[in-house]
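Hey, can you work out the whole structure from these sequences and the hints?
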Amino acid sequence: MKKYKEKVMQMVFLIAACTSILAVALICVFLFANGIPAMAEIGTLDFLLGKKWRPSNDIYGILPMILGSIYVTAGAIIIGVPIGILTAVYMAKFCPKYIYRFLKPAVDLLAGIPSVVYGFFGLVVLVPLVRDTFGGDGSSILTASILLGIMILPTVISVSESAIRAVPESYYQGGLALGATHEQSVFFITLPAAISGIMAGVVLAIGRAIGETMAVIMVAGNQARMPAGPLKGIRTLTANIVIEMGYAADLHRGALIATGVVLFVFILIINLSFSLLTRRANR
Amino acid sequence: MIQINAQNIHQKLRTYKRSPLSLVLLLLVVSATIITVSVLLFIIGYILVKGIPNITTDLFAWKYTSENVSLAPAIINTLIIVILALLIAVPLGIFAAIYLVEYAKRGNKLVEMIRLTTETLAGIPSIIYGLFGLLFFVTAMGWGFSILAGAFTLAIMILPVIMRTTEEALKAVPDSYREGSFALGANKLRTVFRIILPSAMPGILSGIILSIGRIVGETAALLYTAGTVAETPKNLFSSGRTLSVHMYVLSSEGLYVNQAYATAVVLLVTVIIINWLSNFLAKKITKG
Chain A
1 MKKYKEKVMQ MVFLIAACTS ILAVALICVF LFANGIPAMA EIGTLDFLLG
51 KKWRPSNDIY GILPMILGSI YVTAGAIIIG VPIGILTAVY MAKFCPKYIY
101 RFLKPAVDLL AGIPSVVYGF FGLVVLVPLV RDTFGGDGSS ILTASILLGI
151 MILPTVISVS ESAIRAVPES YYQGGLALGA THEQSVFFIT LPAAISGIMA
201 GVVLAIGRAI GETMAVIMVA GNQARMPAGP LKGIRTLTAN IVIEMGYAAD
251 LHRGALIATG VVLFVFILII NLSFSLLTRR ANR
Chain B
1 MIQINAQNIH QKLRTYKRSP LSLVLLLLVV SATIITVSVL LFIIGYILVK
51 GIPNITTDLF AWKYTSENVS LAPAIINTLI IVILALLIAV PLGIFAAIYL
101 VEYAKRGNKL VEMIRLTTET LAGIPSIIYG LFGLLFFVTA MGWGFSILAG
151 AFTLAIMILP VIMRTTEEAL KAVPDSYREG SFALGANKLR TVFRIILPSA
201 MPGILSGIIL SIGRIVGETA ALLYTAGTVA ETPKNLFSSG RTLSVHMYVL
251 SSEGLYVNQA YATAVVLLVT VIIINWLSNF LAKKITKG
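Protein chains in written order, with this note's numbering: chain A, 1 to 283; chain B, 1 to 288.
Take the hints with a grain of salt, since some may be wrong.
[To be verified] Which residues of chain B face chain A? A partial, calculated answer using Cβ under 8 Å:
#, residue
1, Thr-33
2, Ile-35
3, Phe-95
4, Ile-114
5, Leu-121
6, Ala-220
7, Met-247
8, Leu-277
9, Asn-279
10, Phe-280
11, Leu-281
[Claimed, not checked] Here are the simulated EDC-like cross-link-like pairs (lysine to aspartate or glutamate), alpha carbons at most 20 Å apart as the crow flies:
#, chain 1, residue 1, chain 2, residue 2
12, B, Lys-105, B, Asp-175
13, B, Lys-283, A, Asp-137
14, B, Lys-109, B, Glu-119
15, A, Lys-232, A, Asp-250
16, B, Lys-284, B, Glu-119
17, B, Lys-63, B, Glu-231
18, B, Lys-50, B, Asp-175
19, B, Lys-105, A, Glu-6
20, A, Lys-5, B, Glu-102
21, B, Lys-105, B, Asp-58
22, B, Lys-171, B, Glu-231
23, A, Lys-52, A, Glu-244
24, A, Lys-7, B, Glu-102
25, A, Lys-232, A, Asp-137
26, A, Lys-51, A, Glu-41
27, B, Lys-284, A, Asp-108
28, B, Lys-188, A, Asp-137
29, A, Lys-52, A, Asp-250
30, A, Lys-3, B, Glu-102
31, B, Lys-283, B, Glu-168
32, B, Lys-188, B, Asp-175
Read the hints as simulated data drawn from the structure, not as lab findings. Where is the CB? At the ideal position from N, CA and C, for every residue including glycine.
Structural data, given as structure tokens:
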């Protein structure tokens, strides 16, 4: 009887563990089954490379949105990654304990702020700021990049920090012994040794930025046209889904789900490179 | 860090004179950190200063009307969704972690699949979860825009968080506990439930609290699953907006900016408390 109970519970644990396999399978099946037919009906190339998105005329090209997502993400990386890595270096190698005790929760909090709150902050602070400083109407690639740059900071910082900490202390000491200053030793010996871990953090940040939805919608302007410059508005893949899903029907709805499929494939590629990089960093 | 090259300020200055690059690097590092911290403080400060004066008792009135965009229904909806999602995801996540840590054999193909898919789930953006929830729970299961569909969608989203934190907490329990329990004649199941789980509790709780934070802050996954109706739900199949969705709707309508500020304050304070609690519990396990 006891043995029996043990076996049953082990099965229960196993089944619970398989939930994530089931979840991923269901997500793939439902996204692809609903998105691929629409993509085929529109024509895969017309869909992916079409420069016009006009649902009212049954023209569905998502190239503007693909480029929008890429530009905004690139901007966020340019802004967020250097600041993030430098902050991580400070936290891992420069900062005294009493400052660290304050910094670490601060970074965690930065990760915990909901994206609507970031979006709202962007809307009431960054949009007017960009409008007044650079012109244009404020809702632009630049604004979205700045906001996303802030939002990816905690990801970049925490992954880079642990990568830097994982480098053996003897590397750093070797640098000092050869006459390097503290800064030289950290930047030219420890940091290069941590590079694949840091790259993994950057890749993770790319995933976050490309998948971010609410904050981007609130500051990017959302015009479904080809990118026209850093001070012009843009629509990302994620924004496209949220903005039009509420009233879309038939092929339009299918096209939006197919937009989700494209985003999903992007994310899968990014995730795959992330796990390859972390595996290499751990070796 | 051990101070191998502990120097006084004069020696330090002399070093920087010899190697100006070091000074530049130091300044870079310090200014990046200052930027990070001041951005955080600015966001929090700005929202609090602008928002707190807008918090009125009207905002917590029982009913939502277009004259008084009350938060109360949204808060209640948020609570219901948090509880439901946790009820679904916590047992699954903890059981899954128990399997991975206590039962699974190393190098098992199935275990590798589980790890790979859990990692994948953790990386999927919330809008994809929202889309899936819309296709599966709302449409295929026929639940419509409902609290239940929202809760199930979020349960899948927080599953990897709970699994990972529980796994780490279980791994942190020393093997001597397990051996001691076996030596006293307890079987594996008893050991897991009576010895290992209680000692791992603070870590597990910190993961649960972290996922509450995720749920409270979530918008994109809920817009097309739980919907945007600003009322307290009659049953699990009625639609209801959470606090974050409420805030998004308010600020995108653009008519209730002051109320949006107030909602932002409520959200921020909740998140700050949640973060503090989770850190507090996480520290408890590292102390042992």
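These are the hints, each one checked on the structure:
1. Thr-33: Cβ of Thr-33 of chain B sits 4 Å from chain A, so the hint holds.
2. Ile-35: holds, 6 Å
3. Phe-95: Since the shortest Cβ distance to chain A is 3 Å, the answer is holds.
4. Ile-114: holds, 5 Å
5. Leu-121: holds, 6 Å
6. Ala-220: It holds, given that the least Cβ distance between Ala-220 of chain B and chain A is near 4 Å, below 8 Å.
7. Met-247: holds, 5 Å
8. Leu-277: Violated, because the Cβ-Cβ distance from Leu-277 of chain B to chain A comes to roughly 11 Å (cut-off 8 Å).
9. Asn-279: holds, 6 Å
10. Phe-280: Constraint on Phe-280 of chain B not satisfied, violated at 10 Å.
11. Leu-281: For Leu-281 of chain B, the interface hint is violated, since the closest Cβ of chain A sits about 13 Å away, which is over 8 Å.
12. B:Lys-105 with B:Asp-175: holds, 16 Å
13. B:Lys-283 with A:Asp-137: violated, 47 Å
14. B:Lys-109 with B:Glu-119: Holds. Lys-109 of chain B to Glu-119 of chain B sits at ~15 Å (cutoff 20 Å).
15. A:Lys-232 with A:Asp-250: violated, 31 Å
16. B:Lys-284 with B:Glu-119: Violated, because 26 Å separates the two Cα atoms, which is more than 20 Å.
17. B:Lys-63 with B:Glu-231: holds, 7 Å
18. B:Lys-50 with B:Asp-175: Between Lys-50 of chain B and Asp-175 of chain B the Cα gap is close to 52 Å, so the pair fails against 20 Å, i.e. violated.
19. B:Lys-105 with A:Glu-6: holds, 17 Å
20. A:Lys-5 with B:Glu-102: holds, 16 Å
21. B:Lys-105 with B:Asp-58: Measuring from Cα to Cα gives roughly 58 Å; hence the hint is violated.
22. B:Lys-171 with B:Glu-231: Since the Cα atoms of Lys-171 of chain B and Glu-231 of chain B sit roughly 44 Å apart, the hinted pair is violated (cutoff 20 Å).
23. A:Lys-52 with A:Glu-244: Status holds; Cα separation ~15 Å.
24. A:Lys-7 with B:Glu-102: holds, 14 Å
25. A:Lys-232 with A:Asp-137: Holds, at roughly 8 Å.
26. A:Lys-51 with A:Glu-41: holds, 17 Å
27. B:Lys-284 with A:Asp-108: holds, 17 Å
28. B:Lys-188 with A:Asp-137: Given pair Lys-188 of chain B, Asp-137 of chain A is violated - Cα atoms ~65 Å apart, limit 20 Å.
29. A:Lys-52 with A:Asp-250: holds, 19 Å
30. A:Lys-3 with B:Glu-102: holds, 17 Å
31. B:Lys-283 with B:Glu-168: Holds, at about 13 Å.
32. B:Lys-188 with B:Asp-175: Holds. Lys-188 of chain B to Asp-175 of chain B sits at ~13 Å (cutoff 20 Å).
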